[in-house]
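Protein chains in written order, with our numbering: chain A, 47 to 387; chain B, 47 to 387; chain C, 47 to 387.
Take these hints with a grain of salt, some might be off.
Any copy will do: because identical chains look the same in the list, a pair fits if it lies in one copy or spans two.
SDA-like mimics (lysine to any residue), calculated; alpha carbons at most 25 Å apart, straight line [said to hold, decoys possible]: (1) Lys353 to Leu374; (2) Lys385 to Ala114; (3) Lys353 to Lys372; (4) Lys252 to Lys358; (5) Lys96 to Pro351; (6) Lys52 to Val360; (7) Lys252 to Asn352; (8) Lys252 to Leu50.
Hint data in this document are derived by calculation from the structure and do not stem from the laboratory. As the structure is a computational prediction, the values presented were derived from the model and not from experiment.
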Amino acid sequence: MQRLAKPLPLKAVAEFAGGRVIGDDRTLLSGISSIESAAPGDLVFVEDAKNLQAALESRASAVIAGEATAAEVTAKRAASKPILIAAQPRLAFARAAQLLCPAADRQPGIHPSAIVHPSVVLHENVTVDERVVIGEHAEIRENTCIGAGSVVGANVKIGRDCHLYPNVTIYSGVRIGDRVIVHAGAVLGSDGFGYVRDLKTGRYEKFPQVGQLEIGDDVEIGANSTIDRAALDVTRIGRGTKIDNLVHIGHNCQIGEDVIIAAQTGLSGSIVIERNAVLGGQVGIGEHARIGEGVMLGGQSGVLPNKVLRGKGVAFWGTPAQPVRKYLKQLAALARLTKKE
Amino acid sequence: MQRLAKPLPLKAVAEFAGGRVIGDDRTLLSGISSIESAAPGDLVFVEDAKNLQAALESRASAVIAGEATAAEVTAKRAASKPILIAAQPRLAFARAAQLLCPAADRQPGIHPSAIVHPSVVLHENVTVDERVVIGEHAEIRENTCIGAGSVVGANVKIGRDCHLYPNVTIYSGVRIGDRVIVHAGAVLGSDGFGYVRDLKTGRYEKFPQVGQLEIGDDVEIGANSTIDRAALDVTRIGRGTKIDNLVHIGHNCQIGEDVIIAAQTGLSGSIVIERNAVLGGQVGIGEHARIGEGVMLGGQSGVLPNKVLRGKGVAFWGTPAQPVRKYLKQLAALARLTKKE
Amino acid sequence: MQRLAKPLPLKAVAEFAGGRVIGDDRTLLSGISSIESAAPGDLVFVEDAKNLQAALESRASAVIAGEATAAEVTAKRAASKPILIAAQPRLAFARAAQLLCPAADRQPGIHPSAIVHPSVVLHENVTVDERVVIGEHAEIRENTCIGAGSVVGANVKIGRDCHLYPNVTIYSGVRIGDRVIVHAGAVLGSDGFGYVRDLKTGRYEKFPQVGQLEIGDDVEIGANSTIDRAALDVTRIGRGTKIDNLVHIGHNCQIGEDVIIAAQTGLSGSIVIERNAVLGGQVGIGEHARIGEGVMLGGQSGVLPNKVLRGKGVAFWGTPAQPVRKYLKQLAALARLTKKE
Chain A
47 MQRLAKPLPL KAVAEFAGGR VIGDDRTLLS GISSIESAAP GDLVFVEDAK
97 NLQAALESRA SAVIAGEATA AEVTAKRAAS KPILIAAQPR LAFARAAQLL
147 CPAADRQPGI HPSAIVHPSV VLHENVTVDE RVVIGEHAEI RENTCIGAGS
197 VVGANVKIGR DCHLYPNVTI YSGVRIGDRV IVHAGAVLGS DGFGYVRDLK
247 TGRYEKFPQV GQLEIGDDVE IGANSTIDRA ALDVTRIGRG TKIDNLVHIG
297 HNCQIGEDVI IAAQTGLSGS IVIERNAVLG GQVGIGEHAR IGEGVMLGGQ
347 SGVLPNKVLR GKGVAFWGTP AQPVRKYLKQ LAALARLTKK E
Chain B
47 MQRLAKPLPL KAVAEFAGGR VIGDDRTLLS GISSIESAAP GDLVFVEDAK
97 NLQAALESRA SAVIAGEATA AEVTAKRAAS KPILIAAQPR LAFARAAQLL
147 CPAADRQPGI HPSAIVHPSV VLHENVTVDE RVVIGEHAEI RENTCIGAGS
197 VVGANVKIGR DCHLYPNVTI YSGVRIGDRV IVHAGAVLGS DGFGYVRDLK
247 TGRYEKFPQV GQLEIGDDVE IGANSTIDRA ALDVTRIGRG TKIDNLVHIG
297 HNCQIGEDVI IAAQTGLSGS IVIERNAVLG GQVGIGEHAR IGEGVMLGGQ
347 SGVLPNKVLR GKGVAFWGTP AQPVRKYLKQ LAALARLTKK E
Chain C
47 MQRLAKPLPL KAVAEFAGGR VIGDDRTLLS GISSIESAAP GDLVFVEDAK
97 NLQAALESRA SAVIAGEATA AEVTAKRAAS KPILIAAQPR LAFARAAQLL
147 CPAADRQPGI HPSAIVHPSV VLHENVTVDE RVVIGEHAEI RENTCIGAGS
197 VVGANVKIGR DCHLYPNVTI YSGVRIGDRV IVHAGAVLGS DGFGYVRDLK
247 TGRYEKFPQV GQLEIGDDVE IGANSTIDRA ALDVTRIGRG TKIDNLVHIG
297 HNCQIGEDVI IAAQTGLSGS IVIERNAVLG GQVGIGEHAR IGEGVMLGGQ
347 SGVLPNKVLR GKGVAFWGTP AQPVRKYLKQ LAALARLTKK E
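Bound-form chain A, shown alone (with noise of 0.2 Å):
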């Protein structure tokens, strides 16, 4: 793990991360850690009161808590270091990360062994690394980091402060808004899987995919997922969606605000997410179904084509999805079944 060469005083995270501290805001830190794991200098955080003394008995220098472990640590008046009590703990820890684990130094500036067609336009502080290709009248706007052996295709957009990893593959046209972060073999823009049979031959033809791919700001997209252009309109990613390692969204898709996408679900082709909505893992949804607002699905869910589901928190799960405690109740009747034999 990156640590600070130069190490802060708490009050400055305390600053920047935001909460108030109780007790020496002039202890240095010099990194983020667990509890388990905590070495001098490291800065740890706790969500309740029964990991408080866990933290305060670690090597850690400084804890972040939360308001109701302020209480308890006030009314004992023995908290053993100092202690950063933030209104979202785990949220102030996510910002000092900022500060004290900061990301390895890169140098802006286009690699020798890269092959940028002189039609492309790099805005300031831009970085191509080793062996990337862009396309001729691309577009990579400020402070955003090409990694190495990525492909970046003809007319393709790319917003500022984006982070693309290693062996990205962006075909031509594809928009990315602004602070998107790419993973490793990540593949966006490719052809939706769209035939049509020739009745006479028996043969599938390839139906059009010549649409759009367009990627929100603040998206995240995992390792080795894959995001298809529309066939003919456009396939919508919505800012500050999460999307995990190894998923598929297909064709068409329109995929709202902040949708949490974990590993491995597919999409098929012309389903739509609503915004706030929770896919678990290897969730699989069939085409023009529609997903809506703040739902949940749980882990391996199945949702049939043109299937609409909806309820702001409500959780689904199973194939076909229903809504967990019908679901759990037809588990639990299935078990006695068996039980009485």
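Using the hints provided, position chains B and C relative to the given structure of chain A.
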């Protein structure tokens, strides 16, 4: 989407795609579109009469429709746009797209950054893009294009008119037919998953994975899919088979002709899939199973090892996969169990 | 398949692979084969007596068989080919393959197109293929081969006798043991999938993913699989564990020794898999679950978060995973329900 710089008359499209024109066949066309996004110059299509009105009211310049629709139009004597009547309108649209939505121009030739072993045989009009590596004694036939960053192993044979997208990996000795499309990140010919456990030490040793992989003509393979070579014999993918993204095909599988395999489906070893089978997404099939001609497997179905499923046009679903009617009855019976409570 | 230019006598094979020869041990061998495809010079194997006749009638030059088979051969005094009798015939065949079916020759050395940071430590006989990128302070030990287009991050340590196939991506700081095989397109050390939702804005912020990934000796990792680094601590893959294609292993997982993980299985975060467990294909496991030593999970099984499964050699199946007998009873009971109708 690409548009034609030099529009074509509807008459030329009708001659290429098949069908007859009602209305002005001199209407100029420069692209294709969905009805919703149509712009002047676009060709759209409808498959049933109910969408015809929307197509005629769209901004498109011409419409493809079926015979049934033609009768209606003639009866009403009321088409506001020229209509291309085709026996299979969706197919005619797919073919028209080849004229109206051509692939990006490419310059045949070997990019200077590609590393092609001197023993490689490249036929006419082959395109080898940036940073491609081609191993010794490989052979690439006419008009094939190898995308940037792809690695083609020694002794690989690739047919004519193929398109490998960027960052594809082809292990040594793989044979690929004509007009094959391989999307970015796909891996062809990797080692199968086979080990022998030494009963003395308890350790797994690698069983040889030294067979072949042969891919027939007109196959399409999706992004980040993986197809393993055989242990000792040959893994085969039949002519015209279409494979979606993130599909896994294990060693020694024999996939017939015109098979459809949707995204994230996985086949373990030595499976036979007969011609015209259709496998939904996230299907899993155990080793040595056989899926008969024309069988359809619903999404997320599971087929046990050694199982044989038969029946042209018969749909199976569930794990273990059963005829879909039978499975739906079981789901209904289960639901009733809990309603009684 | 590779064949030996200079054939070896069966005696030499027997000495290397173990076992004793019935018949002429001077018989020359130049390759291995399945019984069906055998040609003169090939060695084949049988595991049970029923295949022995086919092996003896094949075109192979010699057969490996077990002790039970030997008795039968001796009783009949009728072997038409020399037979290598081994306690574990499949294992002997696998070992014979190392002699008879050697890997392609490779020239140790750094290809001039590779980009290796001057601070990298390369031990003896390392092969760095075309277009590889190796970041600063990485270390690669003896006889290891890095395939074309692979990207090895800063501070990565790779042991001896490893083979990375093309287009692999290894994020910074990953540690890999000896004799590890990594297939094409695999991604090792990518960020885990962890976010904190800001309750004020509703937006997800990235939880730090700054831990490590350590891979033990003799591990094999399939094509396009992804293994995430830990959030704060270490993701570990134990010695001898074999991972198939398109597998996902989330952050902080602890995989024991000699574990088998079939294709497309997915592990979310902080899961413990104890030694000798066997996971079928498309299995999904929720966070913080523990799979005990020697547990077997059938294909497509699902294990809930925090669940603990125990029992050496006990098979579980279904979602949620249950002992397979219990699960089969439930399936049977369900089938009976509908038969009554």
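Tested hints:
Taking the shortest Cα distances, Lys353 and Leu374 sit within 25 Å of each other both inside one copy (21 Å) and across copies (16 Å). When the C-alpha separation of Lys385 and Ala114 is checked against a cutoff of 25 Å, the pair qualifies neither within a copy, at 46 Å, nor between copies, at 44 Å. Taking identical chains as interchangeable, the C-alpha atoms of Lys353 and Lys372 lie at most 25 Å apart whether they share a chain (17 Å) or sit on different chains (21 Å). For a Cα distance limit of 25 Å, the shortest separation of Lys252 from Lys358 across copies, 23 Å, qualifies, whereas the shortest one inside one copy, 39 Å, does not.
When the C-alpha separation of Lys96 and Pro351 is checked against a cutoff of 25 Å, the pair qualifies only between copies, where the shortest distance is 21 Å, while the shortest distance within a copy is 46 Å. For the identical chains of this complex, Lys52 and Val360 are neighbours neither inside a copy (47 Å) nor across copies (53 Å), given an alpha-carbon limit of 25 Å. Taking identical chains as interchangeable, the C-alpha atoms of Lys252 and Asn352 lie at most 25 Å apart only when both belong to the same chain, with a minimum of 23 Å there against 33 Å between chains. Proximity of Lys252 to Leu50 under the C-alpha cut-off of 25 Å is restricted to the inter-copy arrangement: shortest distance 19 Å between copies versus 54 Å within a copy.
In the structure shown, a violation is registered for the earlier hints numbered 2, 6, in ascending order.
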